[in-house]
Amino acid sequence: MRTILFLLQKEFIQIFRNKMMLPIIIVIPIVQLLILSYTATFEIKNVSLAFVDQDKTQTSKELKSRFEHSPFFTTYAEADHIAQLEEAMLHQKVEMILVIPKDFEKHLNLSKKTDLQLIVDAVNGSAANLMASYANQIVLGFNSDIITELTGFNIKETGIHVVPRYWYNPELDYKTYMVPGILVLLVSLIGAFLSGMNIVREKEIGTIEQLNVTPIKKHQFIIGKLLPFWLIAMFDLCFGLVIAKIIFAIPILGSVWLILGVAAIYLILVLGLGLFISTITDTQQQAMFLAWFFFVIFIMLSGLFTPIEAMPEWTQRLNILNPIAYFIDFMRMVMLKGSGFSDVLSQILHITIYAIITMGLAIFRYRKRA
Amino acid sequence: MKGFIIKEFLQIFRDYRSMAILFGIPIAQILLFGFALNMDLNNAHIAIVNKSGDAKSIELINKINSSDYFIVDQVFNSETNIQAAFQRGEIKEVIVIPEDFAARLASNQKIELQVIADASDPNTASILVNYTQAVVSSFQSQNAKGSSAALPLIQVESRFKYNESLKSVYMFVPGVFTIILMLVSAMMTSISIAREKELGTMEILLVSPITPVQIILGKVFPYVLLSFINAGLILLMSAFVFGMPFSGSITLLLAEALLFILMALSLGIFISTVSNSQQTAMLLSMFALLLPTILLSGFVFPIKNMPEVLQWLSHLMPGKWFIIIVKAIILKGAGFADLWKETLIILSMTLFFIGLSIKKFNIRLATN
Amino acid sequence: MSKAVVVKDLTKKFGNFTAVNKLNFEVDKGEVFGFLGANGAGKTTAIKILCGLSKPSSGQVTVAGFDAYKQSELIKKNIGYMSQRFSLYDDLTIAENIRFYGGIYGLKRVEIQSKTKEYVKKLDLEEFEGRAVIDLPLGIKQKLAFSVANVHNPAIIFLDEPTSGVDPITRRQFWDMIYSEAAKGKTIFVTTHYMDEAEYCDRITIMVDGKIEALDSPSRLKKDFNAHNISDIFLKLSRKQNSTQN
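Protein chains in written order, with the working numbering: chain A, 1 to 370; chain B, 371 to 738; chain C, 739 to 984.
The following block holds chain A by itself, in its conformation from the complex:
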């Protein structure tokens, strides 16, 4: 126990003497939360729209004004031919072109079917799909008004109407969804990178050899090395939760103690990964790239940015091995939906088993050898 205290004292002196360290511990959480949560949004608004109005009647004008009044669209230009707009679409000035055909009004007045053409820049496939469906809804509304006007039959009073209710996030605020995930990202990166790099650094500059000839026990070394980073990561998590609550007004519906308790186990997992990486590498460069390789994959597949449900079966199965996915899932459920212990039992079990495996493996791999 005394030995561990001496090791801890030394680690803390070194960590806080490093001028980069304090900014990393304090600034990174703030920057990540602020930048990530504002950038990571799939909201679609202000789609820049161009019209090709070949009809030029009162009705076509009416339809165009529906689009102009929608919060989703802003009118970029009007042209007589699609060809005039191709260049603009190539340069991303225009994302969508609506073509109103000749005789649009005439056909409608005769209750004849008429086709609108919608051209969407689909480089971003899912956004294109969403933009098209917004446009469709506007046209649908316009359509039923026209029918009412023509036949006196009010379509709005008949038929099935879908009434959406958005639980847990009625404003559909994307930040609410991102912040719990970003908190996970934050503690994972801090935990795994700082701890892994720290140990490899001692290997690289040779001080580890001096430590290895001392009678220090394996568990003393590992606790002394990892505990400081465990504390730092826990501090950052609390700090992040406070920022989330105060600046972003993210609800924390579930129990804070549940969050902290599971985070404590999760960090053992992450630190175990860091330690494991340090045992199989010799230089900081290798350690860093190895850590990056795994973490970029973990992050991308974790459901932080794109929904896990949208991934193919085999990648979803790959996520069984993804610690970040479990913890993000846990954090989102507890923070946003107020899920309790029994609701997230499966995530907690996975994290715990995983923590035991990684830490065990890392301790097994760690050798007091040169």
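Derived from the structure by calculation, the hints contain no laboratory data.
In this text, all values refer to a predicted model and were calculated from it rather than measured experimentally.
It cannot be assumed that every hint is accurate.
What the hints assert, rightly or not - Calculated pairs, DSSO-like style, for lysine-lysine (alpha carbon to alpha carbon, straight line, at most 30 Å):
id, chain 1, residue 1, chain 2, residue 2
1, C, Lys808, A, Lys203
2, A, Lys19, B, Lys730
3, A, Lys218, C, Lys808
4, A, Lys217, C, Lys767
5, C, Lys879, B, Lys567
6, C, Lys978, A, Lys203
7, B, Lys711, A, Lys93
8, A, Lys217, C, Lys808
9, C, Lys746, A, Lys217
10, A, Lys218, C, Lys751
11, C, Lys855, C, Lys808
12, B, Lys674, A, Lys245
13, A, Lys45, B, Lys567
14, A, Lys45, B, Lys711
15, B, Lys531, A, Lys56
16, B, Lys567, A, Lys203
17, A, Lys19, B, Lys567
18, C, Lys879, A, Lys217
19, A, Lys218, C, Lys879
20, C, Lys793, A, Lys218
21, A, Lys217, C, Lys855
22, A, Lys19, B, Lys729
23, B, Lys433, A, Lys113
24, B, Lys729, A, Lys93
25, B, Lys674, A, Lys102
26, C, Lys859, A, Lys218
27, A, Lys61, B, Lys674
28, C, Lys793, A, Lys203
29, C, Lys879, A, Lys203
30, B, Lys730, B, Lys531
31, B, Lys531, A, Lys113
32, B, Lys377, C, Lys751
33, A, Lys64, B, Lys531
34, A, Lys217, C, Lys741
35, C, Lys846, A, Lys203
36, A, Lys112, B, Lys531
37, A, Lys19, C, Lys974
38, A, Lys64, B, Lys480
39, A, Lys203, C, Lys751
Since chain A is already given, all that's left is putting chains B and C on it; use the hints.
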């Protein structure tokens, strides 16, 4: 000079772990993300509260279940169980079918179909509500016997340009391409130079008859070559594995890639001149370079929906301009005439970083 | 137990490469034992085995009465080690380094404090006391590293090329420190490639390509090889080795 470059190559190639990292990571990532990153939701698990229980309501449930979008997981009699099911994370949406569904449908009365979405993930929620709307409309037009009023007069015919089948991979491959070039070029060089400084071998090189510029060139040249090979590999994979269309000129694309690699390398050199240890170089690269490249370049998230400050910031991201170039050449078949502005921006960034590094380097030599 | 180190048929292989080939020697208590050899002759490999940093492939090794296979952690309690790479923490001060290593070896706070005072005084470090070790001149760093390796008063001290890169005056002072520890009855095991330093040892071994080619006191060796100094012996042995290879 030649000997020096050879030494750098030997150091990189002899270290099999670095080689695995240099080539293994890009290949693994492009494959994984190309297949895995996807925005199209399929088979979302939902629940239905059926208060009516008549034949028509069952028909609607069957219709929903048989669509590709949904799997009806649970059917409840009342709304009481919804909260618990959401909290366990079993379902993403609940559709509430009201009483007397069939009767009201037959008599053409207004029916309100409540759709409760788990909006803790707002994106998924709004997509699912959209899908529900589509399925319900189609159910309605099947059931609107004779009443011509329900049939839409205006039909929208959508054409998705540059990506007819709306593949997500078209969006992600250019982004992954950019990030990998950035990672390998900028991070690798900055760390490799910082390493020489940390281990003290830089001083030995500095007192040798090789000039500082030659040292830097020697350090950078192997990475130019390796990154270029990487770029080629990724492009081959995106063509043959993911079937990207490659509408534009390959030569132009490779030339632009080379320019971007040079930009990333000069950025890496600049980072190494301002950092004195590998750890600093790594953290700088990670937080000043990699995250912004992922977030502010339009790789995953559209830039135009961000707050204005961040949009401004995104202009400073070299990756943003390169992603525009790659997408324009591969998907839209753009030529140099369309892209000279973006090219010029990357070129001036390259010169800026080189100039800054030389200045920094000279100051350091002068003070020593 | 009168021998500090006993080595019988010690062999260490890395794959097909034999770094250390059937070493046999004994080191007496209180002896200054020199380990000579060119770079890559196997000195560092051998010393790492003796310190418990690496396991032998075969042969018997006893250090301070403990077996290197089964009791390497007990060996570590009884030895001090100073590696050829500088092994103190650059970003810690002198006192912090002493406190850290002293703490790990289980010294009491009072002992650590008195050791710190003693070293600062002995090495004339008053002006550097509050500063990080990185600011110290190399010679002082090496002397400090030696003192730190000695902080827990071990029976045997292993020094792996302790004086490489140090100026002649500091080297002389360093050897004075070694002698004063030896005079207290400590065993000193030192590797070096400075041949003049070999003359300071009670006995030396010369290693060539993983094997011991000579082992005796410097004066005896000079007589046996009919040489003026150790350097000549060393060159003779290396040449012999080369000629048998060719």
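Now for the hints, and whether the structure bears them out:
1. A C-alpha spacing of about 25 Å is found between Lys808(C) and Lys203(A), which places the hinted pair at or below 30 Å, so the restraint holds.
2. Our distance criterion of 30 Å between C-alpha atoms is met by Lys19(A) and Lys730(B), whose separation comes to about 21 Å.
3. Restraint check for Lys218(A) and Lys808(C): satisfied, since their Cα atoms lie roughly 16 Å apart, inside the 30 Å limit.
4. For the proposed pair Lys217(A) and Lys767(C), the alpha carbon gap of about 28 Å is at most 30 Å, so the pair holds.
5. With a CA separation close to 20 Å, the supplied pair Lys879(C) and Lys567(B) stays within the 30 Å bound.
6. Between Lys978(C) and Lys203(A) the alpha-carbon distance is near 38 Å, which puts this suggested pair outside the 30 Å criterion.
7. Distance hint between Lys711(B) and Lys93(A) is fulfilled; the C-alpha atoms sit about 15 Å from each other, no more than 30 Å.
8. Proximity of Lys217(A) to Lys808(C) is assessed by CA-CA distance (about 15 Å); at most 30 Å being required, the pair is judged to hold.
9. Proximity of Lys746(C) to Lys217(A) is assessed by CA-CA distance (about 28 Å); at most 30 Å being required, the pair is judged to hold.
10. Simply put, Lys218(A) and Lys751(C) have alpha-carbon atoms about 26 Å apart, close enough for the 30 Å limit, and the pair holds.
11. A C-alpha spacing of about 37 Å is found between Lys855(C) and Lys808(C), which places the hinted pair above 30 Å, so the restraint is violated.
12. Restraint check for Lys674(B) and Lys245(A): satisfied, since their Cα atoms lie roughly 27 Å apart, inside the 30 Å limit.
13. For the hint linking Lys45(A) to Lys567(B), the alpha-carbon distance of about 49 Å lies beyond 30 Å, and the restraint is violated.
14. Using a Cα cut-off of 30 Å, the hinted pair Lys45(A) and Lys711(B) holds, with the two alpha carbons roughly 27 Å apart.
15. Using a Cα cut-off of 30 Å, the hinted pair Lys531(B) and Lys56(A) holds, with the two alpha carbons roughly 25 Å apart.
16. As the CA atoms of Lys567(B) and Lys203(A) are separated by approximately 17 Å, the hinted pair is consistent with the 30 Å bound.
17. For the suggested pair Lys19(A) and Lys567(B), the alpha carbons sit about 18 Å apart, so the restraint of at most 30 Å is met.
18. Proposed proximity of Lys879(C) and Lys217(A) is supported: the alpha carbons are some 27 Å apart, at most 30 Å.
19. For the hint linking Lys218(A) to Lys879(C), the alpha-carbon distance of about 28 Å falls within 30 Å, and the restraint holds.
20. Between the alpha carbons of Lys793(C) and Lys218(A) the distance comes to roughly 17 Å, so the proposed pair stays at or under 30 Å and holds.
21. Note on Lys217(A) and Lys855(C): the hinted pairing holds, with a Cα-Cα distance of about 28 Å set against a maximum of 30 Å.
22. This hinted pair checks out: Lys19(A) and Lys729(B) have alpha carbons roughly 24 Å apart, not beyond 30 Å.
23. At roughly 27 Å between alpha-carbon atoms, Lys433(B) and Lys113(A) fall within 30 Å of each other, so this suggested pair holds.
24. For the proposed pair Lys729(B) and Lys93(A), the alpha carbon gap of about 39 Å is over 30 Å, so the pair is violated.
25. Distance hint between Lys674(B) and Lys102(A) is unfulfilled; the C-alpha atoms sit about 33 Å from each other, more than 30 Å.
26. Using a Cα cut-off of 30 Å, the hinted pair Lys859(C) and Lys218(A) is violated, with the two alpha carbons roughly 34 Å apart.
27. Simply put, Lys61(A) and Lys674(B) have alpha-carbon atoms about 27 Å apart, close enough for the 30 Å limit, and the pair holds.
28. As the CA atoms of Lys793(C) and Lys203(A) are separated by approximately 19 Å, the hinted pair is consistent with the 30 Å bound.
29. Note on Lys879(C) and Lys203(A): the hinted pairing holds, with a Cα-Cα distance of about 19 Å set against a maximum of 30 Å.
30. Distance restraint check for Lys730(B) and Lys531(B): the Cα-Cα separation of roughly 47 Å exceeds the 30 Å cut-off, and the hinted pair is therefore not satisfied.
31. Between Lys531(B) and Lys113(A) the alpha-carbon distance is near 25 Å, which keeps this suggested pair within the 30 Å criterion.
32. For the given pair, Lys377(B) sits about 29 Å from Lys751(C) by alpha-carbon distance, which is consistent with the 30 Å threshold.
33. Distance hint between Lys64(A) and Lys531(B) is fulfilled; the C-alpha atoms sit about 22 Å from each other, no more than 30 Å.
34. The hinted pair formed by Lys217(A) and Lys741(C) meets the criterion: a straight-line CA distance of about 27 Å does not exceed 30 Å.
35. Between Lys846(C) and Lys203(A), the direct Cα distance comes to roughly 28 Å. Compliance with the 30 Å bound is thereby established for this hinted pair.
36. Between Lys112(A) and Lys531(B) the alpha-carbon distance is near 28 Å, which keeps this suggested pair within the 30 Å criterion.
37. Between the alpha carbons of Lys19(A) and Lys974(C) the distance comes to roughly 54 Å, so the proposed pair goes past 30 Å and is violated.
38. A C-alpha spacing of about 29 Å is found between Lys64(A) and Lys480(B), which places the hinted pair at or below 30 Å, so the restraint holds.
39. A distance of roughly 22 Å separates the Cα atoms of Lys203(A) and Lys751(C); the hinted pair therefore holds under the 30 Å criterion.
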